[in-house]
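Engineer: Going down the list, the sequences are from chains A, B and C.
If you use my numbering, the first sequence corresponds to residues 1 to 155, in order.
If you use my numbering, the second sequence corresponds to residues 1 to 155, in order.
If you use my numbering, the third sequence corresponds to residues 1 to 155, in order.
Any given hint could turn out to be false.
[Claimed, not checked] Cut-off 27 Å, straight-line C-alpha distance, at most; resulting in silico cross-link-like pairs (DSSO-like, lysine-lysine):
| no. | chain 1 | residue 1 | chain 2 | residue 2 |
| --- | --- | --- | --- | --- |
| 1 | C | Lys60 | A | Lys26 |
| 2 | C | Lys26 | B | Lys26 |
| 3 | C | Lys26 | A | Lys61 |
[Said to hold, decoys possible] Here are a few chain C residues that sit away from chain B, every Cβ distance over 10 Å (derived from the structure):
| no. | residue |
| --- | --- |
| 4 | Thr33 |
| 5 | Thr34 |
| 6 | Thr40 |
| 7 | Gly54 |
| 8 | Lys60 |
| 9 | Leu63 |
| 10 | Asn82 |
| 11 | Pro85 |
| 12 | Ile115 |
| 13 | Phe116 |
| 14 | Pro124 |
| 15 | Pro126 |
| 16 | Trp134 |
[Unchecked claim] On the chain C side, residues computed to face chain A include the following (Cβ under 10 Å):
| no. | residue |
| --- | --- |
| 17 | Tyr19 |
| 18 | Ala43 |
| 19 | Asp49 |
| 20 | Glu57 |
| 21 | Leu77 |
| 22 | Gly97 |
| 23 | Ser101 |
| 24 | Leu105 |
| 25 | Arg108 |
Calculated from the structure, these hints are not laboratory results.
Glycine included, each C-beta is placed from N, C-alpha and C at the ideal position.
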Amino acid sequence: MAELAQLIDSEVFLAYATYTTIVLLKMMLMSVTTAFFRITRKAFSNPEDTVTFGKGENAKKYLRTDPDVERVRRGHLNDLENIVPFIGIGLLYALSGPALSTALLHFRIFVGARIFHTIAYLTPLPQPSRGLSWAAGYAVTISMAYRVLTTGLYL
Amino acid sequence: MAELAQLIDSEVFLAYATYTTIVLLKMMLMSVTTAFFRITRKAFSNPEDTVTFGKGENAKKYLRTDPDVERVRRGHLNDLENIVPFIGIGLLYALSGPALSTALLHFRIFVGARIFHTIAYLTPLPQPSRGLSWAAGYAVTISMAYRVLTTGLYL
Amino acid sequence: MAELAQLIDSEVFLAYATYTTIVLLKMMLMSVTTAFFRITRKAFSNPEDTVTFGKGENAKKYLRTDPDVERVRRGHLNDLENIVPFIGIGLLYALSGPALSTALLHFRIFVGARIFHTIAYLTPLPQPSRGLSWAAGYAVTISMAYRVLTTGLYL
């Protein structure tokens, strides 16, 4: 396991592991937030989820969409669309041997931008707060992709 | 390639590879299940998909949503939301040098929980079957994230 | 960092890095395409996004779905559903020591199929263009999963 130990001991890789885990935990919070709004707003998608709130016709009225639930779900999907490229490209970037300070800058901006994106989406803050935080994360991922492709392009 | 060989020969990493592949194949089954329900229920999203079933006005009636199709799609999205964090955090966890038995416990509970989640969603089983299987997978991912962050936090 | 250097220097891994980055960048283009259609079609999901186009009742009419926007979003979700398994299984496949030519064949077919899938979805091309390109990418992922599970199954 010597190689694994050295792999996980590289500071850039440790930083990648830390920020990836944080941003994935943040994304996982969206599931809990959706469940919270579904229960407090009594807005469900599945008949079997409404049984606690009543039987028959009385339960059917809880099979509905709610603006707050839909907002969290849009935020969650936006997370998936942006965090998946970050994890995939970020892993390859971390293995491409970037300077530690440059790598930290990339990871910190991305994770900060995604946390701010969630705040801007759920508050909601007036635009362009959400748009700019989305763009910051997007730009970080493009920058990492550029380094991966220029370091070891193999077509 | 000595390092790669040793990396892939670590038993924890092999277990990660096996369970990740299984759970991703399970997720891929959701695509086929959606297609199966779309065709048997004749419920499509795209006009070009309905051509086989009729022309003009006759085809338009197949552009509709169907409860079974939507149920599979919700299960698929829930898979994405939960399996993506498992793969990302699980890779870092596997590289953090956990005991083999502990790692196997994590991977087996997660994959078992997600398979049961799909069964509970598609049958559907009465709640809290689906909720509990979701929570089991969620707890496993949190537990792996805890180990990653305590083993090598680098902010 | 000797191990990392050798890891990233393996030609199969470099090819994996290149094709993964390309297909993720392609997926990221879907976000920009969605934004483009939302702005040109004036079809938004969030009240705060419509402020630029008018105030009060005048802005509310832009909170609507548009067929072109929904089409891009379906293509984006289909990307997520298929590219996530490719990245996860592909990484394990790349580490399983396949022949370089076989690996390149897998990666090239997958990325080509996904690019064609997007073109077929957005044009849209008549079926079965989109269906076949989806199936080609799916088959590549299954083939890689087969190799991962037969090389180092550890249950």
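Engineer: All hints are to be evaluated individually against the structure, with a verdict given for each.
Structural biologist: We went through each hint and held it up to the structure:
With a CA separation close to 31 Å, the supplied pair lysine 60 of chain C and lysine 26 of chain A exceeds the 27 Å bound. As the CA atoms of lysine 26 of chain C and lysine 26 of chain B are separated by approximately 25 Å, the hinted pair is consistent with the 27 Å bound. Restraint check for lysine 26 of chain C and lysine 61 of chain A: not satisfied, since their Cα atoms lie roughly 41 Å apart, outside the 27 Å limit. The claim that threonine 33 of chain C is not at the interface with chain B holds, since no C-beta of that chain comes within 10 Å of its own (minimum 16 Å).
Taking the minimum C-beta to C-beta distance to chain B, about 16 Å, the non-interface status of threonine 34 of chain C holds against the 10 Å cut. At roughly 20 Å, the least C-beta separation between threonine 40 of chain C and chain B is larger than 10 Å, which holds for a residue marked as non-interface. With a closest Cβ-Cβ approach of about 30 Å to chain B, glycine 54 of chain C is found to remain outside the 10 Å limit, as its non-interface label requires. With 10 Å as the threshold on Cβ separation, the claim that lysine 60 of chain C sits away from chain B holds: the shortest Cβ distance comes to roughly 24 Å.
Distance check on leucine 63 of chain C: its Cβ is at least 20 Å (rounded) from any Cβ of chain B, clearing the 10 Å threshold; non-interface status holds. Asparagine 82 of chain C, annotated as away from the interface, has a beta carbon of chain B within 10 Å; the closest lies near 7 Å. Some Cβ of chain B comes within 10 Å of the Cβ of proline 85 of chain C; the nearest lies about 4 Å off, and the non-interface call is violated. Look at isoleucine 115 of chain C: its CB is around 18 Å from the nearest CB on chain B, clear of 10 Å, so calling it non-interface holds up.
Listed as a non-interface residue, phenylalanine 116 of chain C keeps its Cβ farther than 10 Å from every Cβ of chain B; the least gap is roughly 15 Å. Here proline 124 of chain C does not stay apart from chain B, with its beta-carbon only about 5 Å from theirs, under the 10 Å limit. At roughly 6 Å from the closest C-beta of chain B, the C-beta of proline 126 of chain C falls inside 10 Å, breaking its exclusion from the interface. Residue placement check: tryptophan 134 of chain C does not keep its beta carbon more than 10 Å from all beta carbons of chain B (closest about 8 Å).
A least Cβ separation of about 8 Å between tyrosine 19 of chain C and chain A falls short of the 10 Å threshold, and the interface hint therefore holds. The interface hint given for alanine 43 of chain C is broken, as the beta carbon of that residue sits about 14 Å from the closest beta carbon of chain A, more than 10 Å. A hinted interface residue such as aspartate 49 of chain C counts as satisfied when its beta carbon comes closer than 10 Å to some beta carbon of chain A; here the least separation is about 6 Å, so the hint holds. Restraint check, glutamate 57 of chain C versus chain A: the minimum CB separation of about 17 Å is more than 10 Å; hint violated.
Checking leucine 77 of chain C against chain A: minimum C-beta separation of about 8 Å stays under 10 Å; hint holds. A cut of 10 Å between beta carbons decides the hint on glycine 97 of chain C: the least distance to chain A is about 15 Å, and the hint is violated. With a least beta-carbon distance of about 13 Å to chain A, the hint placing serine 101 of chain C at the interface is violated under the 10 Å criterion. For the restraint placing leucine 105 of chain C at the interface with chain A, the shortest Cβ-Cβ distance is roughly 13 Å, beyond the 10 Å limit, so the hint is violated.
The criterion of a C-beta within 10 Å of any C-beta in chain A is met by arginine 108 of chain C, whose closest approach is roughly 8 Å, and the hint holds.
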